[in-house]
Structures are given as structure tokens and as C-alpha cells.
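Okay, here's what each chain looks like letter by letter:
Protein chains: 2
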Amino acid sequence: RYFHLCKLPGRVMGIRLLRFTSVVIIVLLLVAGALTALLPNIKDDKLPNLRREPKPQSQSALDSFTLIMQTYNRTDLLLKLLNHYQAIPNLHKVIVVWNNIGEKTPEEMWNSLGPHPVPVVFKVQSVNRMRNRLQNFPELETKAVLMMDDDTLVSAHDLAFAFSVWQQFPEHIVGFVPRKHISTPSGVYSYGSFELQNPGFGNGDQYSMVLIGAAFFHTGYLEDFQRQPEAVYALIDETQNCDDIAMNFLVAKHTGKPSGVFVKPVDIRNLEKDTNSGYSGMWHRAEHLLQRSYCVNKLVNIYDGMPLKYSNIMISQFGFPNYANHKNKM
Amino acid sequence: RYFHLCKLPGRVMGIRLLRFTSVVIIVLLLVAGALTALLPNIKDDKLPNLRREPKPQSQSALDSFTLIMQTYNRTDLLLKLLNHYQAIPNLHKVIVVWNNIGEKTPEEMWNSLGPHPVPVVFKVQSVNRMRNRLQNFPELETKAVLMMDDDTLVSAHDLAFAFSVWQQFPEHIVGFVPRKHISTPSGVYSYGSFELQNPGFGNGDQYSMVLIGAAFFHTGYLEDFQRQPEAVYALIDETQNCDDIAMNFLVAKHTGKPSGVFVKPVDIRNLEKDTNSGYSGMWHRAEHLLQRSYCVNKLVNIYDGMPLKYSNIMISQFGFPNYANHKNKM
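Top to bottom, those sequences are chains A and B. Take the first sequence: its position 141, counting from 1, is numbered 141 in full-length UniProt numbering, and each next residue is one higher. Take the second sequence: its position 325, counting from 1, is numbered 325 in full-length UniProt numbering, and each next residue is one higher.
Treat the hints as calculated values from the structure; they're not laboratory data. Any given hint could turn out to be false.
Away from chain A, derived, C-beta distances all over 10 Å, residues of chain B [unchecked claim]:
1) A32
2) N100
3) T105
4) I182
5) S186
6) G204
7) A234
8) D274
9) S280
10) R285
11) E287
12) Y303
13) Q317
14) N325
Covered stretches of chain B (in silico footprint by chain A; criterion: 3 or more residues with CB under 8 Å from a CB of chain A, positions within the stretch not fixed) [said to hold, decoys possible]:
15) 69-83
16) 108-115
List time: in silico DSS-like cross-link candidates among lysine-lysine, alpha-carbon distance up to 27 Å [as the list claims (entries may be wrong)]:
17) K264(A) / K273(B)
18) K327(B) / K264(A)
19) K273(A) / K327(B)
20) K273(B) / K327(A)
Ideal placement from N, C-alpha and C gives every residue a C-beta, glycine not left out.
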């Protein structure tokens with residue numbers, strides 16, 4: 001009997017202690033779990049995770065940008081523009097997306113005319129696709145991309161200023177060509193510019209897209225673009241158009257804000273009339289604008305909603321080119 | 001001997017279990033403590049804590065602003081401007097800071113000419129001080145303040161647009177009058193506008209202040225202003241000037257960014273020539289600008305450093321007043 005009684009207190013005490021401490025431990029684990037859920041999501045600018053970090057030794061990669069220029073059938077314009085753009089301040093590297101299938105790139109000639117201020121990489125494509133320029137090129141080391149059409153000349157002043165604006169708005173597409181969509185009573189959207197009716201938010205006009213053919217945006221969005229629904233790629237391939245509208249949808253969805261910030265260019269020119277190739281660019285096709293309205297509606301279907309938002313902010317450079325471009329009657 | 005052995009296992013087991021679970025509990029508490037430290041600091045726009053929350057029933061107080069107009073010896077202009085400003089969209093209330101010491105306010109006449117779109121409060125002052133307008137008035141219910149000089153007429157379009165811009169940049173002074181400081185080799189600062197040399201950051205000009213005599217800013221900064229070094233109040237009282245420079249110092253220190261965002265006004269007018277009072281405003285004093293340079297240097301002393309930062313962002317309204325004010329040669 002004594003034997004029983006000896007063991008009992010130990011076991012009982014042990015069991016009670018065990019129960020008590022188990023409860024305490026479980027409570028603490030639940031608290032810890034709750035706290036972990038409250039931790040901020042460690043993400044820098046609410047931007048997509050960059051798989052590629054800039055190399056630590058190239059400090060410049062953080063304060064510079066990569067120019068991506070896709071080219072088709074206008075090599076004379078390409079080379080003229082490369083001479084101009086290769087010297088833009090804060091340019092880190094140029095990536096030429098070579099859509100001239102089967103044709104040799106001008107790399108040899110380029111090298112023979114060196115040295116050049118920055119490296120230029122010719123990316124030979126296997127199929128002539130509009131969305132080739134939206135690949136997540138391994139050569140990208142900078143946080144920013146400057147994307148330019150191969151017939152668009154923007155002054156260095158404009159580009160330097162717009163880059164500084166992008167650095168203040170890194171989650172937006174900061175560029176020189178604003179466009180908008182409007183809604184109609186039937187629910188069908190239409191795409192256009194100033195010629196369309198204002199969306200009706202107060203006076204003045206609004207824009208809901210900034211075209212990527214002359215704009216800065218975060219490199220992370222190229223990575224993000226690789227993860228879109230297949231139907232988006234099919235749409236762009238079907239129309240050979242609308243990759244820029246798709247990018248605006250992507251950015252607007254990601255930020256919940258207007259996708260673009262419009263910087264009013266002082267000097268922007270279209271050089272297509274200067275080409276010897278006789279090729280005049282996709283936007284001359286009769287169906288070009290109708291296609292873009294079509295794309296807006298298709299993308300709304302694909303993304304199950306209209307993510308584009310309106311903005312009426314127009315940014316210019318203070319005191320440039322006129323040193324007092326802000327003076328008034330006061 | 002058996003007796004001893006009976007008790008022993010219980011005690012030993014109990015002690016070991018106790019030790020083990022104590023260690024586990026301590027570890028969990030440390031983990032919980034670490035997680036708590038990582039929790040985000042719950043603060044809205046990095047703005048000073050607003051003691052005054054807008055009354056829950058006035059939803060409009062969140063999307064509207066309070067006009068604060070200080071007035072001295074220009075009651076005719078005041079009343080003309082009140083007729084204009086009382087109808088601005090999103091205006092919640094007007095606070096008139098009555099610096100005409102010993103003189104009756106026009107409140108009776110104002111009431112006899114009612115009803116009015118918004119309440120107007122006349123705050124009688126005991127001393128004619130420039131910084132009277134920077135009090136933390138208990139009548140303030142909105143997050144935003146619009147501060148206007150009593151001789152400045154800004155169009156409703158400009159104000160409506162600038163308010164929408166402020167809502168996107170709530171920690172900045174968003175207004176229509178940009179100014180800058182420049183540094184000289186001697187280390188002495190000078191105050192001015194476009195007539196001064198550019199600070200030399202790239203091409204174009206820069207501004208480092210936006211004057212509060214025609215600007216929106218967060219109500220919390222008025223509260224913040226009450227907590228400045230005594231020397232700041234002494235400086236403003238001594239010069240009857242520079243309260244706006246002091247506010248820009250305050251905001252720049254608080255944000256670590258340029259204090260202001262400049263919105264280019266379409267229609268801003270100075271009405272002082274229209275007054276019957278013959279009073280022409282402080283800025284006509286011979287020493288006015290020299291005083292302001294003096295203030296910049298004094299404030300750098302008081303704050304032990306120069307917190308003002310430069311910006312060259314100039315914001316205009318897209319498509320207003322010209323529906324295609326963004327068109328270019330493209």
C-alpha cells in the first residue's frame with residue numbers, strides 16, 4: 001500500500017505539471033503564430049521580387065537604367081538612334097531585340113566603330129513577335145528599364161528628367177505618351193487619346209495608360225510579365241499589338257493605382273519618315289486603333305475586371321527649357 | 001530504503017520536467033518578444049499624431065479642407081475673396097484670422113448676407129502677429145488646410161486640382177508659389193526665386209520651398225508648429241515675416257524630402273492694387289527679401305543644419321484648360 005502511495009504523488013504531480021506546461025506551451029505557440037502573421041510582408045517597394053540583384057560591384061546599376069529597343073526592318077533608324085541614346089546620362093547598357101529573323105545583326109559593324117560608351121547586346125530572335133521585348137533578359141542588371149520604339153527620338157534632357165521622376169515613382173510606368181480608355185453605356189470599352197470624350201471626373205482630361213514605347217519602368221515588371229495568363233500572350237501574338245496595354249493592366253493590377261505617370265516631353269520626334277526601308281510601322285495599319293479597343297475589352301475579360309485607373313497629373317521640368325517657365329501674373 | 005526510493009522518482013521526474021518546460025517557456029517568450037518588436041509601427045502617413053480626429057458623422061471632413069485666411073487692413077479684399085472662396089469644391093469651413101486689433105469683425109454683416117455655403121469663423125486676435133495664422137485652431141476638423149493670403153485670388157479650377165494633388169502627396173506643402181535658397185562659397189545662404197542662379201543639379205532650375213500663402217498642407221503640421229524652439233517664434237515676431245520659411249523647414253525636417261510640391265497655376269492674381277485701404281502688403285517693404293535671406297540663415301542656426309531639399313517637379317493638370325495640352329509633334 002505504501003508502495004502505491006509512494007509512486008502516486010510523483011506520477012500525479014508529474015502529470016499535472018505536464019498538463020499545465022503543455023497548455024502554457026500551446027498558448028505561447030499560438031501567440032507566436034499570431035505575431036508572425038502580423039509581421040509586415042518584407043517587400044521593398046511593393047514590387048515583384050527581383051530574382052536578379054544588381055552585382056554588388058556595379059554601384060551604378062542601382063542608379064542607372066537599361067535601354068531595351070526592339071527593331072524590325074529599320075536598321076538605319078536603329079543605328080541613328082543608338083548613336084544618340086548610347087550617350088544618355090545614367091545609361092548602363094543597351095539591349096537590342098533583333099526581330100529581323102534570319103538576318104545578321106550589325107554587331108560586327110558596331111564593334112568596328114568602337115569604343116562605345118556602354119555595352120550593347122544584340123539579342124537575336126527566332127520568331128518576329130511584338131512581345132519579344134518583354135522577356136526577362138539575363139543581361140539586365142539595373143532596377144530600371146527604358147523602353148523605346150526604334151523610330152522614336154527623345155532628347156537627352158527629357159530622358160534624364162524622366163529618369164529622375166521614375167526614381168521618385170518606381171512602381172509606375174513613367175513616360176511620354178499618355179492614352180486612355182473610356183467606358184460606354186453598353187459596358188464596352190474604347191481606346192484612344194485626347195480625341196475621345198473626357199472620362200468625366202471633374203474638368204480637364206484624364207489618362208489611364210502610359211505607353212511603354214517611350215517610358216521607364218521597373219525591371220521587376222518584366223519578370224512579372226512572364227507569369228501572366230496564356231490568353232494574354234495569345235492576344236498579343238494574334239494582334240501583333242497591345243503588349244503595352246497588357247503591361248499597363250499588369251502594373252495597375254499590381255499597384256491598385258494609375259499605372260503611369262505622364263512626363264510632358266519637350267522634344268520627342270518620330271523618325272519613321274526618315275527610314276530608307278520604306279517600312280512605316282505597325283500603327284499605320286488600318287485596323288490598329290480598333291485592335292487596341294478590342295484588346296482592352298479582351299484583357300478585361302482575361303483579368304475579370306478593369307484595373308486601369310485615371311490620372312490627370314502632368315509633370316514638367318521646373319525652369320527648363322525656359323529658366324522661368326513657372327512665372328505668372330503675381 | 002524503499003520509502004526513499006518511492007519518493008525519489010516522482011521528485012526527480014518532476015524536477016526534470018519542470019526544468020525542461022521552464023526552458024521551453026522561456027524560449028517561447030523570447031520568440032514572442034522578438035516578434036512583437038518586429039511588428040509594424042502603426043502610424044498612418046508618417047505624419048504627426050493628430051490630436052483631433054474628424055467627427056465620425058462628418059464624412060466630408062476627410063475629403064475636404066479648411067481655408068485659413070489671415071487678414072490685416074484689407075477688409076474689402078477679404079470680403080471679395082470670401083465670396084469667391086466660400087464656393088470652392090470640397091471646402092469644409094473658413095477660418096478668418098482677424099489681425100485688425102480692436103476693430104470689430106464683419107461678422108454681423110456676414111450673417112445678414114447669409115445663408116452661406118460653409119461656416120465662416122472670425123478669430124479675433126489680441127496682437128497683430130504674422131504667426132497668428134499658424135495656431136492649431138480648435139475649429140479645425142479636416143486633415144487638410146488651404147492657407148491663402150488675403151490679397152491672393154486663385155481660380156476654383158486651380159484649387160480643386162491642387163487639392164487632388166495634395167491628396168496624393170499629403171505630407172507635402174502643395175501650392176502655387178515656389179521659392180528657393182542657394183548656397184554660396186562662404187557658407188551663407190541666400191533666398192530667392194528664378195532670378196537666382198540654379199543650384200546646379202543638372203539643367204533647369206530647382207525650388208526648395210513652396211510658400212504657404214497659397215498652398216494646401218496637412219493640419220498636423222499646425223500642431224507640430226506649436227512644438228518648435230522658442231527662437232523660431234522670436235524670429236518670426238522680430239521680422240513679422242518668414243513664418244512660411246519656418247514651415248518649410250519644419251516639413252522638410254519631418255519628411256527628409258523636399259517640403260513642397262509645386263502646382264503650376266493657370267489663374268492666380270494678386271489683388272492688392274484693388275484695395276481701398278491703401279495698404280500694400282508686407283512684401284513691399286524695402287528689407288523684405290533681405291529679411292528672408294536673414295531668416296534662412298537664422299533657421300539653419302536654430303535647427304543646426306539645412307533641412308531644405310531641392311525639387312524640379314512641376315505639376316499641371318492634364319488636358320486643362322486646353323483639352324490637348326499634351327500634344328506634341330508625334
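Hint-by-hint comparison with the structure:
The claim that A32(B) is not at the interface with chain A is violated, since a C-beta of that chain comes within 10 Å of its own (minimum 5 Å). With a least CB separation of 24 Å from chain A, N100(B) remains clear of the 10 Å interface cut-off, as annotated. The claim that T105(B) is not at the interface with chain A holds, since no C-beta of that chain comes within 10 Å of its own (minimum 28 Å). With a cut of 10 Å on Cβ distances, I182(B) stays outside the contact zone with chain A, its closest approach being about 13 Å.
Every beta carbon of chain A lies more than 10 Å from that of S186(B), the smallest distance being close to 24 Å; the non-interface claim holds. In this structure G204(B) is not separated from chain A by more than 10 Å, as the shortest Cβ-Cβ distance comes to only about 3 Å. For A234(B), the non-interface assignment is confirmed: its Cβ lies about 30 Å from the closest Cβ of chain A, beyond the 10 Å cut-off. Distance check on D274(B): its Cβ is at least 13 Å (rounded) from any Cβ of chain A, clearing the 10 Å threshold; non-interface status holds.
Non-interface call for S280(B) relative to chain A: holds, since the shortest CB-CB distance, roughly 14 Å, exceeds 10 Å. Separation of R285(B) from chain A is adequate, the least Cβ-Cβ distance of about 17 Å exceeding the 10 Å criterion. Every CB of chain A is more than 10 Å from the CB of E287(B) (nearest about 20 Å), matching its label as outside the interface. Against chain A, the non-interface label of Y303(B) holds: every CB pair exceeds 10 Å, the least being about 25 Å.
With a least beta-carbon separation of about 5 Å from chain A, Q317(B) fails to lie farther than 10 Å from that chain, contradicting its non-interface assignment. For N325(B), the requirement that its beta carbon stay farther than 10 Å from each beta carbon of chain A is not met, with the minimum near 8 Å. Here's how the stretch 69-83 of chain B fares: 0 of its residues keep a CB closer than 8 Å to some CB of chain A, so the rule of at least three is not met and the hint is violated. Against chain A, the stretch 108-115 of chain B contributes 0 residues with a C-beta closer than 8 Å to a partner C-beta. That does not satisfy the three-residue criterion, and the hint is violated.
Distance check on the hinted pair: K264(A) and K273(B) sit about 36 Å apart at the alpha-carbon level, beyond 27 Å; violated. Taking the CA atoms of K327(B) and K264(A), the gap is near 9 Å; set against the 27 Å cutoff, the hint holds. With a C-alpha separation of about 19 Å, the suggested pairing of K273(A) with K327(B) holds against the 27 Å cut-off. Note on K273(B) and K327(A): the hinted pairing holds, with a Cα-Cα distance of about 19 Å set against a maximum of 27 Å.
Going through the hint list in order, the structure does not satisfy hints 1, 6, 13, 14, 15, 16, 17.
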